[in-house]
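Keeping the supplied structure of chain A fixed, place chain B upon it in accordance with the hints.
There are 2 protein chains.
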Amino acid sequence: MVDKATQLLDDYGIADLTMRRLARELNVTPGALYWHFADKQELLGAVADRILTPALAEVVADWQGRITAICGQLRDALLSHTDGAELVSASFAAGRSTAATELLARLTDAAASAGVAPAHAGLAARTVVYYVLGFTADEQSRLQWDAAGAALSDGQSVLGDDDPGVRFAFGVRLLIDGIAARQPQRL
Amino acid sequence: MVDKATQLLDDYGIADLTMRRLARELNVTPGALYWHFADKQELLGAVADRILTPALAEVVADWQGRITAICGQLRDALLSHTDGAELVSASFAAGRSTAATELLARLTDAAASAGVAPAHAGLAARTVVYYVLGFTADEQSRLQWDAAGAALSDGQSVLGDDDPGVRFAFGVRLLIDGIAARQPQRL
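From first to last, the protein sequence lines are chains A and B. Numbered per this note's numbering, the first sequence spans residues 1 to 187. Numbered per this note's numbering, the second sequence spans residues 1 to 187.
Please keep in mind that the hints were generated in silico from the structure rather than gathered at the bench. The reader is advised that the hints may include incorrect statements.
[What the hints assert, rightly or not] Residues of chain A clear of chain B, computed beta-carbon distances all greater than 10 Å: (1) E25; (2) L79; (3) A94; (4) R106; (5) G171.
[To be verified] Reference listing, derived: stretches of chain A covered by chain B, where coverage requires no fewer than 3 residues with Cβ under 8 Å from a Cβ of chain B: (6) 62-68; (7) 113-124; (8) 127-133; (9) 140-148; (10) 174-181.
[Stated by the list, open to error] Pulled a few chain A residues facing chain B out of the computed Cβ check, cut under 7 Å: (11) R24; (12) A137; (13) F170.
These figures come from a predicted structure and were not determined experimentally. By construction, the Cβ of each residue, glycine as well, lies at the ideal position given by its N, Cα and C atoms.
If we strip away everything but chain A, and leave its shape as in the complex, we get (with noise of 0.2 Å):
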């Protein structure tokens, strides 16, 4: 079922993927659907979880490689798949990704390991996530517009004349150098 979810997904993008459909789809009727999945942020959560299994690789480093290496995974991850940045931060908000709570408690062991005080090594997490899921969202965007053929300005997007690696890594360093910053004293 989680097969097909992501399917559908890649081929008809995130507002086609409905209960409905995927019953449609698997020719069974939505509510033996529904006895799978008890709502659809089930099952986006679900299909959340396929599309960041990729990203839940095993790093040793130390902590800015592990947080390098996580951000250069989710990244990837994301964009593997027809609106991935969307859909894994609407189950991120509603809390029923499993890969990501997994993903977000390793970024936490990171900031922790950089000597960032307890109770702020989660929200510290947190601003990398916010970040990855944010300019990913827009590269996804623009790349799935491209495709598409539409038409835009250059001025505004991440994907300028540099490579958005280069730049999606710019920002993964301000945000390390900033959590080197936070000494336990000046929180």
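Chain B only, in chain A's frame:
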């Protein structure tokens, strides 16, 4: 027309803000509407500019104060309209909001004042904007689901026990520290 479009957004959300629906509300033909807005992206950009107008209040302060104030004003503006964060994110990606361009320019100025190299000040500004958009999209999804009576787990979202304004400010300070650390010789 932008008044009515903003009203539609507030009453029904971004999914119901379509050219067809707006034409019906205005008692004009869809063709007449396309005479004013070349496409839906242009309509969304005009609504984004309307939403962001309060965030353009001038701020006189040092660069840290300007970034803090702009972020706070941007968050307040996004939260003041249904799906405000999602709509402005989409317009930002499409490069269709004049007000978003102006906010980005002001943040770029602030980053340059902090000593970030000219080639990187715009990237630092975008990092801040992506954080604000990511944080506020999460906060707003949660607020709207709560208003709709959805039962969500509390673990993962931005609206935990703490004041979301305090959590938001933590990330802004982290970004400011990261910008302060980006002296030209480090880039």
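Each hint, compared with the structure:
no.	hint	result
1	E25	22 Å, holds
2	L79	14 Å, holds
3	A94	5 Å, violated
4	R106	14 Å, holds
5	G171	4 Å, violated
6	62-68	violated (count 0)
7	113-124	holds (count 3)
8	127-133	holds (count 6)
9	140-148	holds (count 3)
10	174-181	holds (count 8)
11	R24	21 Å, violated
12	A137	6 Å, holds
13	F170	4 Å, holds
Comparing the model with each earlier hint shows violations of hints 3, 5, 6 and 11; every other hint is respected.
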